[in-house]
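Protein chains: 2
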Amino acid sequence: MSMPIARVNELDCEEFVQIFGNAVEHCSICAAAVWRHSPFNDVYQIYNKTAEFLDQLPISGKEAVLRLHPDLAGKLAISGRLTNESSREQTLSGMLALSETEKEMLERLNTSYKSKFKFPFVICVRENKKKAIFDGIRARLANTPEEETLVGLEEVKKICRLRLLDIVDPGCPKL
Amino acid sequence: MSMPIARVNELDCEEFVQIFGNAVEHCSICAAAVWRHSPFNDVYQIYNKTAEFLDQLPISGKEAVLRLHPDLAGKLAISGRLTNESSREQTLSGMLALSETEKEMLERLNTSYKSKFKFPFVICVRENKKKAIFDGIRARLANTPEEETLVGLEEVKKICRLRLLDIVDPGCPKL
Numbered sequence: 014m015s016m017p018i019a020r021v022n023e024l025d026c027e028e029f030v031q032i033f034g035n036a037v038e039h040c041s042i043c044a045a046a047v048w049r050h051s052p053f054n055d056v057y058q059i060y061n062k063t064a065e066f067l068d069q070l071p072i073s074g075k076e077a078v079l080r081l082h083p084d085l086a087g088k089l090a091i092s093g094r095l096t097n098e099s100s101r102e103q104t105l106s107g108m109l110a111l112s113e114t115e116k117e118m119l120e121r122l123n124t125s126y127k128s129k130f131k132f133p134f135v136i137c138v139r140e141n142k143k144k145a146i147f148d149g150i151r152a153r154l155a156n157t158p159e160e161e162t163l164v165g166l167e168e169v170k171k172i173c174r175l176r177l178l179d180i181v182d183p184g185c186p187k188l
Numbered sequence: 014m015s016m017p018i019a020r021v022n023e024l025d026c027e028e029f030v031q032i033f034g035n036a037v038e039h040c041s042i043c044a045a046a047v048w049r050h051s052p053f054n055d056v057y058q059i060y061n062k063t064a065e066f067l068d069q070l071p072i073s074g075k076e077a078v079l080r081l082h083p084d085l086a087g088k089l090a091i092s093g094r095l096t097n098e099s100s101r102e103q104t105l106s107g108m109l110a111l112s113e114t115e116k117e118m119l120e121r122l123n124t125s126y127k128s129k130f131k132f133p134f135v136i137c138v139r140e141n142k143k144k145a146i147f148d149g150i151r152a153r154l155a156n157t158p159e160e161e162t163l164v165g166l167e168e169v170k171k172i173c174r175l176r177l178l179d180i181v182d183p184g185c186p187k188l
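Order-wise, the sequence lines are chains L and W. The numbering of the first sequence is our numbering, which starts it at 14 and goes up by one. The numbering of the second sequence is our numbering, which starts it at 14 and goes up by one.
Warning: the hint list may mix true and false statements.
It does not matter which identical chain is used: a pair holds within one copy or between any two.
To be verified - Pairs of lysine-lysine, BS3-like flavour, derived with a Cα cap of 25 Å:
| hint | residue 1 | residue 2 |
| --- | --- | --- |
| 1 | Lys144 | Lys62 |
| 2 | Lys143 | Lys62 |
| 3 | Lys127 | Lys62 |
| 4 | Lys62 | Lys88 |
| 5 | Lys62 | Lys129 |
| 6 | Lys142 | Lys62 |
| 7 | Lys116 | Lys142 |
| 8 | Lys62 | Lys116 |
Source of the hints: derived by calculation from the structure; they are not laboratory data. It should be emphasised that the depicted structure is a prediction, and the values quoted were computed from it without experimental measurement.
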């Protein structure tokens, strides 16, 4: 459904939010903020404005963005209640086809992580293989909450960038 | 479905967002931010934390919150696509039963308003009668965009307060 940028620039706010509302998982506020900058030159400008908006949120807002993400291979995934985007990403990553031992290990790591940070572990699974994901959660458990909020937010941006590129035709490749 | 505060304090983040995610229209990020402060003393504390979060948003975020609200008696209302909360509020206010002349007038005012401010006119219809609503939109059209963002946000807070009181039993009345 790759859409040319000219078509994106014709969308009114409601249509824009409908299409881009989950570029940041469950955060239609991002799309509603970014729409203000329409017309866009290209998909990269939509991405940059989204990243800028995320950076401007107070720390409580950044944490809330992370908190609206599902657990990796967690209960929403198991019960088939992920958003379409998350479902596709988690399935392709192989994280929904773990061995029993791996599942138990991930559950333990997820629990420790959430009990320390009060938000779920977020990683761009499309840019990481299983080993890197397990290594990532272990390494990031050592961060302070403030550090980890920012690390998590960078992953949100990577996920968002790929989701935007699924929706909008990037046009000529950037030189 | 009025819920005692003790029950609210047992909710995990996902459940909390499910129940309170539309206390601010389409802004589950508010509920996700406010959950951090659980356990709450009472519904008024949930309200205060939500208002505090809204106040801390950058101006682009405040505008985006307004932008996620439906037009008053607009196309979502006409086509029956409002959220349950908005539908109930707009119906009770009488704004969905206007005469043809009033409808045309409101449409003209809504259009001028949105073209000036780039977000829809938001007013707590449960606290205003039809005349006050029409007078409100006319008077507020004279505001600067910055003033009007803050005026709109105060209405968002009033709507939120009443929605929270629909969900949570306030317990003893405040002395």
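Status of the hints after comparison with the structure:
no., hint, in the structure
1, Lys144 with Lys62, "neither (32 Å within a copy, 40 Å between copies)"
2, Lys143 with Lys62, "neither (31 Å within a copy, 39 Å between copies)"
3, Lys127 with Lys62, "between (29 Å within a copy, 22 Å between copies)"
4, Lys62 with Lys88, "neither (32 Å within a copy, 28 Å between copies)"
5, Lys62 with Lys129, "between (31 Å within a copy, 22 Å between copies)"
6, Lys142 with Lys62, "neither (28 Å within a copy, 39 Å between copies)"
7, Lys116 with Lys142, "within (15 Å within a copy, 57 Å between copies)"
8, Lys62 with Lys116, "neither (37 Å within a copy, 37 Å between copies)"
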